[in-house]
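Student: The listed protein sequences correspond, in order, to chains A and B. Note that the numbering used here has the first sequence beginning at 35, numbered continuously upward. Note that the numbering used here has the second sequence beginning at 35, numbered continuously upward.
You may find that some hints are simply not true.
Heads up, the list lumps identical chains together, so a pair's fine if it works in one copy or across two of them.
[Claimed, not checked] With a straight-line cut-off of 25 Å between C-alpha atoms, the simulated BS3-like cross-links for lysine-lysine are: (1) K94 x K161; (2) K65 x K52; (3) K64 x K94; (4) K52 x K94; (5) K144 x K255; (6) K64 x K259; (7) K161 x K65; (8) K199 x K65.
Hints in this document: simulated from the structure, not taken from any laboratory.
There are 2 protein chains.
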Amino acid sequence: MALIVQKYGGTSVGTVEKIENVAERLIAAKKEGHDVVVAVSAMSGETNRLVEMAHQISDKPDPREYDVLVSTGEQVTIALLAMALKQRGYDARSYTGSQVHILTDSAHTKARILDIDEANIRADLDKGRVVIVAGFQGKDEHGNITTLGRGGSDTTAVALAAALKADECQIYTDVDGVYTTDPRVVPDARRLEKITFEEMLEMASLGSKVLQIRSVEFAGKYNVKLRVLSSFVDGPGTLITFEEDNMEQAAISGIAFNRDEAKLTILGVPDQPGVAYNILGSIGEANIEVDMIIQNVGDDGTTDFTFTVHRNDYQHALDILNNTAKELNAREVVGDNAIVKISLVGVGMRSHAGIASQMFKALADEGINIRMISTSEIKISVVIDEKYLELGVRALHSAFGLDEPKD
Amino acid sequence: MALIVQKYGGTSVGTVEKIENVAERLIAAKKEGHDVVVAVSAMSGETNRLVEMAHQISDKPDPREYDVLVSTGEQVTIALLAMALKQRGYDARSYTGSQVHILTDSAHTKARILDIDEANIRADLDKGRVVIVAGFQGKDEHGNITTLGRGGSDTTAVALAAALKADECQIYTDVDGVYTTDPRVVPDARRLEKITFEEMLEMASLGSKVLQIRSVEFAGKYNVKLRVLSSFVDGPGTLITFEEDNMEQAAISGIAFNRDEAKLTILGVPDQPGVAYNILGSIGEANIEVDMIIQNVGDDGTTDFTFTVHRNDYQHALDILNNTAKELNAREVVGDNAIVKISLVGVGMRSHAGIASQMFKALADEGINIRMISTSEIKISVVIDEKYLELGVRALHSAFGLDEPKD
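Build out the structure end to end from the sequences listed, making use of the hints.
Tutor: Here it is in structure tokens:
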């Protein structure tokens, strides 16, 4: 008998019928003898419906009241799910974030969890109840309702698992695990049995949107065993673990990619201290997030400076950079918003030499030109032309043997 | 400068636009220099939408979870209304029933308010804020969300007014006051400037559904000055008061009627102690509410016993009564579900003799046969054939001078 925290997202509870399916899954876990705590999101579409009403009133709705509004979404789900369990003869009890004392800071719409009082939950579990907690929400020290921002239900589940020292935190979603890469791009993509937290962080931040980054960080920090599973298909899913030595021994675990990139270069900037700050300062002030940054110094005392931004920010960044170029007496600004980023991710990379050259060769063999390169301890990223995305990912997937099942 | 509690029902906040209209009304009250606390209902249709989902899961949804579910309706309204005020530059703060510590008993779906902690509200008022409270809901001593049952938002407003010792509790609705009778039946029906609590109770229980009975009782108990006004039309509305001596001096304040009545008679019951209990006991056990009761004893040692029930319960009551008739050796059971009840209501009745005979004459002059009569201290009710409803109400309205404006 184990203590399991489960989390079901918006699509998994999108209709009354789907909520009843979730009830059946919880009953199955109870029948296996487990104690079960579950965090749920709002029914899909519900949050958008609420936000739309808020935006009819104001372009920038008051954040405190915004949280009061959108937190009703999960409250509907917890009540319906508890009813469904009771209707099937299983005792259950729903709790809003406030009721279960999920204490957060007061940063409305993007609050962070500070503490959870697990006493009520334990008492209910001792009585054999399924405990149902509204994801995504909490309250601050003054009793104001707060929300954790999009995807916050994952964080709620992980925080509950940490507070309760649960044996496993199971994130039910519409995919049946973490894949070596996106199966829509590479049909041979394979579900991973396990992946490390670090790899998962790199995969998530690179656009493999299975889990929210913050929940993964949180799980790593509190040693919570995370598992990603499908709400619709039975299967073991993918375990996200902090035990590297238990990992598959492949150098590369997966290939992530991101289509939403754009690249900007300022050429011939007189090289002097503070040049990077001068270039990126005004970009940052405009709230544009910068991803990759590369700087090369040339022979003539000038430097070329390249960075990538989200494609939506491309035009805005280009305008800013043109101004900066004038101020800095730079030669020219060029940009490209038809690029993508592909990344190899794997903790095995640390101990395997030659991964980078193997990667570059695989791309060269397909005639794909590399436009930027950036590396970290467990990741190598390249920027290539958008048109080569599929070819590049497939070539790498095969070159690193990701389509071959592991023991 | 006064402290005013306002209450807006579901139709008054039925759309985002209407919520914005309510914001404008609150701002108008602020501009007049008043402190304003407002209780609001769920947007019309919202509660039904939620209840429908619950009924997809269970014919009899768990009451605790039912309250968790439906209480989201008002929570949406308070947030949107607070946003609308903030958007217009007025400080406001929303509170759920739990947040403002509306303490109730644990009778889910029909809880009663025990206490309100007004400290937070006073602090907000001192800061110049409009305080917005979710109607219809509270929490019990264990922190469970409770609801007060349909119409509970009126009760919330009155309870807030009582706790805060407000100068007036204004109930905004879709009618502009309490009328001498239903204007759809009598076009000359006149809005009353004032009505006593007792009269209001009789009017409400007889089907003039302007205010919930419980909120009127509550207001009377705590000496809260209640006023009924329209959300859509400006006007003074009707003041509901406990000061009889300030009242208009007419004997009759209004005419209430109820179309949903049915009448059953058991004839020739051998008269013996306990006969009334024998007849009504089984009706009560079937959860059928009985309204009027009349018993006449004849010369032959038998009695005739007549009572009225809601028309929906007619067939069920008839079946039960036929069984009872056999057990009691009664002669016959007869019934009629094409009847209505008309009542004259007025505290002035106490000091005016002859109201009853005046009433019976007015009906006789129109050839209307009276089928049952029942009287209380401030009310005379008659049951007549359904087809005479309009004729009867108009005749009485005119006979008692209700269509003539008062000074």
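Student: Each of the hints needs a verdict: does it hold here or not?
Tutor: Hint by hint, here is what the structure shows:
1. Taking the closest pair of Cα atoms, K94 and K161 come within 25 Å of each other only across two copies (23 Å); inside a single copy the shortest separation is 45 Å, beyond that limit.
2. Taking the closest pair of Cα atoms, K65 and K52 come within 25 Å of each other only inside a single copy of the chain (20 Å); across copies the shortest separation is 50 Å, beyond that limit.
3. When the C-alpha separation of K64 and K94 is checked against a cutoff of 25 Å, the pair qualifies only between copies, where the shortest distance is 24 Å, while the shortest distance within a copy is 44 Å.
4. For a Cα distance limit of 25 Å, the shortest separation of K52 from K94 across copies, 20 Å, qualifies, whereas the shortest one inside one copy, 33 Å, does not.
5. Proximity of K144 and K255 under a CA criterion of 25 Å is satisfied intra-copy only: 19 Å inside one chain copy versus 45 Å between copies.
6. Proximity of K64 and K259 under a CA criterion of 25 Å is satisfied intra-copy only: 19 Å inside one chain copy versus 54 Å between copies.
7. Proximity of K161 and K65 under a CA criterion of 25 Å is satisfied intra-copy only: 15 Å inside one chain copy versus 54 Å between copies.
8. Proximity of K199 to K65 under the C-alpha cut-off of 25 Å is restricted to the intra-copy arrangement: shortest distance 21 Å within a copy versus 55 Å between copies.
Going through the hint list in order, the structure satisfies each hint without exception.
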